[in-house]
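Student: Residue-level listing of the chains:
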Amino acid sequence: MTKKRLTPPLTDADIENLEIGDQVLITGTIYTARDAAHKRLVELLDEGKELPVDLKGQIIYYVGPTPAKPGQVIGSAGPTTSYRMDPYAPKLLAIGLKAMIGKGSRSQEVKDAMKKYKGCYLAAVGGAAALIAKSIKKAEVIAYPELGPEAIRKLEVEDFPAIVVNDCKGGDLYEEGVKKYQK
Amino acid sequence: MREISVEKITRTVRDLCIEAACDLPQDVENLLRQAKEREESQFGRYSLEKIIENVELARQDTVPMCQDTGLAVIFVEIGQDVYIAGGNLVDAINEGVRQGYTDGYLRKSVVEDPVFNRKNTGDNTPAVIHTEIVPGDKLKIMVLPKGAGSENMGALKMLKPADGLKGVKEFVLKTVAEAGGNPCPPIVVGVGIGGTMEKATLLAKKALARKAGEHHPDPKYKELELELLEKINKLGIGPQGFGGRVTALAVHIESYPTHIATLPVAVNLNCHAARHKEAIL
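Just so you know, the sequences run in chain order A and U. Using our numbering, you'd call the opening residue of the first sequence number 349 and step up by one each time. Using our numbering, you'd call the opening residue of the second sequence number 1230 and step up by one each time.
It is possible that part of the hints are untrue.
Taking lysine to any residue and the SDA-like style, the derived pairs with C-alpha atoms no more than 20 Å apart in a straight line are [said to hold, decoys possible]:
(1) A/Lys417 with U/Asp1332
(2) U/Lys1428 with U/Asp1332
(3) A/Lys528 with U/Ala1406
(4) U/Lys1449 with U/Glu1459
(5) U/Lys1348 with A/Arg432
(6) U/Lys1460 with A/Gln530
(7) U/Lys1348 with A/Lys528
(8) U/Lys1428 with U/Met1387
(9) U/Lys1237 with U/Thr1354
(10) A/Lys531 with U/Arg1267
Cβ-Cβ distance ranges computed for the label pairs, FRET-style [to be verified]:
(11) A/Asp402 with U/Met1426: 26 to 34 Å
(12) A/Glu398 with U/Glu1456: 44 to 52 Å
(13) U/Lys1348 with A/Lys486: 24 to 32 Å
The set of hints was computed from the structure by calculation and includes no laboratory data. All figures in this text were calculated on a predicted structure; none of them were measured in a lab. Idealized CB from N, CA, C, for every residue including glycine.
Could you build the full structure based on these sequences and the hints that come with them?
Tutor: As structure tokens, this is what we get:
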């Protein structure tokens, strides 16, 4: 596994530099959003309204954390299954979103949008939520607090670990990996 | 009649919810450690290392191993000589869930209505409760917090009797193959065979409450569990779907007599955080 560092905001060149199977360590600001928040973001886009956060060059992490215990920055915070965000992702890539972190495979439409708009999809280890939370240093709800775990949060992360599953050249680590080990 | 108070039931459910979320049962952990030893793919081994590290950390800090602390599925076996005193059982269980998910800082993931009002109930109630009256004067409570990532990948098929054993195998393998990396492999595969439509799905869920890796008492079904496990692990999905040798940790089958004209098969998948805790009162 080749290790690469990512520091958002990301550029086209940052994305072009990534290959499937790379291990990335992210440091800086990322945003959380899952089902309900995606629905609202895309509704705003469809109505031509401004989003509560500028997604240009940014990374969205598909997560709904557990509540923080006293003394914690955030509760357990592992990735949720990504395909539920597939209907919305291409529209966000089109306005400049550069990377998504989740788990599980994406639709062809999302993969095509990643090629077209130079984006990528990263997987964090599903279910390793207590461990992943250790790389989150700050968390702040910035939109839709009424959604509880589904609110949009701004996270400050340090060496957040993820693996490149889809790069902007059409590669897919899941497909390659399964092909290799299928008997 | 033996009397069991609703307060005792509430307290037990509360504690089991927190324990289940933070402390992976030893049977599942042992299988994960064995999986790490035999996994060949580098991404698979990496995932298993992180998963095991996470299990240890969650236990040590009493924090949830996964942020999806699930919908609380609760099986209650009530001895017919038990008298539940001081209130009603369903309220007592839901109060336990409410307290457990609040006091344990677990995520509340239940919405009020599936279609018309997907508003969070705020306390993870109501639980999904399955009760069964059994002989004796004990009350057994099993808590299975069920995450949606794996739950969404389940399936039911009403096979024809003519589809037989071959049909059963094909359906289980197809369900696991289509799920790919979504249910957070390595998974535990629960299979319910027989009964009626709802009976098969309930059996599949109950199969997940079994100690991971224990077998069906009937040697024919035990053999089927082993054969399915081997075939599933040849699918190549691997830990987290990155490709690899270990896609499933165990296959658990539960069976029941059925109608002359049917062969229901349900598959219910559980992620590697195959959480299950029980207590006998």
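Student: Would you mind marking each hint as holding or not holding in the structure?
Tutor: Verification of the supplied hints:
1. Restraint check: the Cα-Cα separation between A/Lys417 and U/Asp1332 comes to about 10 Å, which is no more than 20 Å; the hinted pair holds.
2. For a cut-off of 20 Å, the pair hint linking U/Lys1428 to U/Asp1332 is broken: about 34 Å separates their Cα positions.
3. Distance restraint check for A/Lys528 and U/Ala1406: the Cα-Cα separation of roughly 15 Å lies within the 20 Å cut-off, and the hinted pair is therefore satisfied.
4. As the CA atoms of U/Lys1449 and U/Glu1459 are separated by approximately 16 Å, the hinted pair is consistent with the 20 Å bound.
5. Of the pairs offered as hints, the one joining U/Lys1348 and A/Arg432 holds, with about 18 Å between alpha carbons and a cut-off of 20 Å not exceeded.
6. As the CA atoms of U/Lys1460 and A/Gln530 are separated by approximately 10 Å, the hinted pair is consistent with the 20 Å bound.
7. Using a Cα cut-off of 20 Å, the hinted pair U/Lys1348 and A/Lys528 is violated, with the two alpha carbons roughly 43 Å apart.
8. Under the criterion of a C-alpha separation no larger than 20 Å, the hint pairing U/Lys1428 with U/Met1387 is consistent with the structure, at around 12 Å.
9. Note on U/Lys1237 and U/Thr1354: the hinted pairing holds, with a Cα-Cα distance of about 19 Å set against a maximum of 20 Å.
10. Restraint check: the Cα-Cα separation between A/Lys531 and U/Arg1267 comes to about 16 Å, which is no more than 20 Å; the hinted pair holds.
11. Taking the beta carbon of each, A/Asp402 and U/Met1426 are about 50 Å apart, not inside 26 to 34 Å as hinted.
12. Range check, A/Glu398 to U/Glu1456: about 57 Å between beta-carbon atoms, so the 44 to 52 Å window is missed.
13. At about 29 Å, the beta-carbon gap between U/Lys1348 and A/Lys486 stays in the expected band of 24 to 32 Å.
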